[in-house]
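Novice: Hints are included, so try docking the two chains, each in its own frame, into the full complex.
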Amino acid sequence: MKRQRLIGYVFIAPNLIGMIVFMLIPALFSFYLMFTDWVFASGQSPHFVGLDNFRMMVRDDLFVVSVKNTLMVLIPVPISILIGFLIAVMLNNRTYLQKTLRAFFFAPYFTSGIAIAFVWMVLFQPSKGPINAFLRSIGVADPPLWFASPDTAMYAVLIMMTAGGIGYNMIIYLAAMQELSSEQLEAAKMDGATFGQLLRLIIFPLVSPTTFFLMITGFIGSIKGFGMIYAITQGGPGNSTTVFSIFAYKKAFSFYEMGYASAVSWTMFLIILCITLIQWVGQKRWVHY
Amino acid sequence: MDTRNSKIIRERVIKSINTIIMALASLLLLSPMIWMISTSFKKPKDVFTYPIQWIPHDPVWTNHFKVWMTGDGFTLFYFNSLKISIILMIGAPLLAALAAYGFSRIPFKGRDAIFLLYLCLMMIPPQVLFVPKFIMFDWMKIYNTHWALILPGLFTVFGVFMIRQFFMSIPHEISEAAFIDGAGHFRIFFQLFLPLSKPVLATFAIIDFTWTWNDYENALIFLLDKKLFTVPLGMQNFMLEAGVDYNMMMAAATAGVVPLLIVFFLGQKYIIQGFSSSAVKG
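Those protein sequence lines, which keep their order, are chains U and G. Using the working numbering, the letters of the first sequence correspond one by one to residues 14 to 302. Using the working numbering, the letters of the second sequence correspond one by one to residues 9 to 290.
With the rest of the complex left out, here is chain G (with noise of 0.2 Å):
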């Protein structure tokens, strides 16, 4: 008795002190964000002070307030970013969800080879593709407008897979009933599928927003205008303007970060399992 105890309460030591170095470690890899909130609450003279103040001494609100109300357009940036990100957030989702039924749920002609060339435009980088879409989008007089992010940003190979994989596991017993009931493939699909597949479209939107809410390279290629840059974008510009007013720069990477902390604490359950699932599966 008395050695089951003590091996039990053994396994608790090993256990909390295992708990500890974890959460330290956490600590570590989390601390350039912690050092960012903190030094948007601090005052210039206690950016740098060693060692570091992890909570401001005498924090000031001050720093946030310029990043949006000096008129550098921050909040123009960030209505640009939401406008954009909110757009594909539902409309990709949509378009993925409509190809991954036709490709996990009717059989056609010429299926297979399809699926396939979405296989082979998955690996070509991103690089190979910006010289002719530059061309094409100054020809389509889509180049320095948002319809430049927004229009490629709607179709996306991932999404497709993502969604096709989870239609795949949905038993044909289901829509075959429907279909005995008289039902067509647009019914089946907007009111059977889409609701039963709720999780991973929420997944997939999650992953989508965080994608272009990051989206730096297409904006810095497409956009021209300042008053149509993006958070990432604009973020940049406005780091070089802020030149050594660290405490403004740190207030502005903080705002640039707080939609995807939301996003991340509201949909935690969805993302952990979406990446997850997107890879181990697929």
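For reference, chain U alone in the conformation it holds in the complex (with noise of 0.2 Å):
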């Protein structure tokens, strides 16, 4: 029984001391940082300073807007569900050639990276690009700048988000929907209910749960999303998409403000922790298992 425990921690030792020096070590040291004033090589040792750096972020002017940047990325997180949804509906037996489209709404999503970024980045381009093509042969005299203006440049994310993500909230909910029992969704038809009661009164309560799933990862994942936004505008024009995840990493490695971005980025992990317990206990009023 002993020799059977040591074997035990021989198959997560080395998993475990991976995490231990990755991950734990670094998220301790990072705690400990956000009380300090520590600049990275000032020369100056870390000194205690308390909750200073969470008083200086409070007045600063970066933080407001990044928080406002952040709660307009959650946005596309309920748009970009709703649609996968509609789409997981249609494809679950009301077409044909299930498994090609299938592939063709998943494909974007999984390509998706700074590559696909710099593309939108040229769909959006102001005088002479596709979009804005688009928009002034049905009429629209003065199309908007997208990335190129600090008014702007917050909705061309939006849309590229919204674009992303909807191929993986397709993919969770036709899984979902495939595993439900058709009975209920006959019955209903028997009794003559139209597409749209199907849909608000049996499909979606039936994989609420899912809904329930994509809307807490969607979210977080929102807020952690840092490499298509700053590899296109850099938090710019201004700061108009400096989102948190940004606002952390100019702190840290433009300013090399190693105490006050650790305390950002813990503020970020508070940030996270909210909307998923507030969510958490909001989930009771509309997901049913």
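In short, the hints are calculated from the structure, not lab data. Treat the hints with care, since some could be wrong.
[To be verified] Reference excerpt, derived from the structure (chain G facing chain U, CB under 7 Å, subset only):
1) T27
2) L38
3) I42
4) M44
5) Y58
6) W62
7) W69
8) Q135
9) V139
10) L236
11) P240
12) F272
13) Q276
14) Y278
[To be verified] Listed below are the simulated BS3-like cross-link pairs for lysine-lysine, each with C-alpha atoms no more than 30 Å apart in a straight line:
15) K237(U) <-> K53(G)
16) K149(G) <-> K141(U)
17) K263(U) <-> K53(G)
18) K234(G) <-> K74(G)
Heads up, the beta-carbon is just placed ideally off N, CA and C, and yes, glycines get one too.
Specialist: Right, here's the structure in full:
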């Protein structure tokens, strides 16, 4: 029995050691740093400053801006969940070529990354780009400048994120729907329910745990999101697309204010925790297991 | 008889119309990628012609040649990315599977506490870890080397979860029979569990490959030398230098997506299953 236990540790040891070195210790270190005024490469050792970093943060203009922007990037989550849901409903026995269409819808999610971000940047090119060319052709005389203007850069980001999320949501819904029994659906059809009633009263409640899962992971993913925005805009023009993750990155690696940056990134963790808790509490109202 | 027939026909018509609508919708979502590929084969004067030329009138290969041949290092970025992605694609699933076996099949003291710790670690956003990792890697002398991406990448919480989930579904009778035959945990793991879990290992390997291939943040923070750059980071550099050479930008973007497209089409079945099961069950 004792040997048995030892073998257990042997199996998890390689992974556990990695976790401790590359996650646990850095997390604890960062937790300590957020209470210090440490600036990397200043030659000074860290001083304990208590909650000074947080006092500084709430007075920082960039903090207010990045909270606002981070709330903005939550918008694509419910939209792409709703679109993903509708597509899944259609692909679940209401079309031909289901497997092909499923792959078509999923591919854009699977391949999205920095390369596709640059494609969006060119698509949104203000003077000649295809999106504005299309808008002009349908009579929009003054199409938005998208990434080139602080007023509209965020909208371009939101469109990019919405388009990127649909495929994933669709796949997850489709998997969930295929596990549902069709009895309730058939019964409702017999009773003469319309398609809209079917959607609203039967299908949507049945997949509500999936919706809950997608909302939580989607919000967390959106808050953590960094690469596709930063690669195109670096948080600009101005600070119009500086979300929380970019705010933390800039503090750490443009200004080397490591103590302050740690405080910012832990605040991000708190926001994620709060949003998850709020949804967890709120789920009782609409999630049916 | 007639009414039944007409009902069937009506259903088929509706289904066909749905199919067409969905096909168009999927093309709309695919259109950025289609535009990227078609532009990579266009001449500069055709990039922004409107209506959009979805199929270039006069396709050319020069943009693709330029991306690979100008000596801006795109070939090197590609080699770096492939190296790191392939090492992690093999290493991460193996380490995760070992831990998953320990967590699912061997009872030992503190197991649940350690697993809870894993759960907590999963909630910490990567941004929290960047500052301490930057300092630690500098001290470990692996800052600005590929080790800074490979070493942490080997250890994933997600992989442990996904594979553990699968191991839990393997009936206990199978390993008990092997025990009676005198096999130890290591033999059971390597000769029984690994072969049985090929689909889930493949799925995780594919997911891990795409993560690593797309990983921009870690490369941005931990790599300094241009000759070490991976494709996402190198591409950003490349795009800035390309300026308004949109053809070349789109040729580079196409090159950046091709490995993902290949993996997607080869592993489609696994990917879709893997994504769904990891979400719905877990």
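Novice: Report the numbers of all earlier hints that the structure fails to satisfy, in ascending order.
Specialist: Result: hints 3, 6, 7, 10, 14, 15, 16, 17 break, sorted rising.
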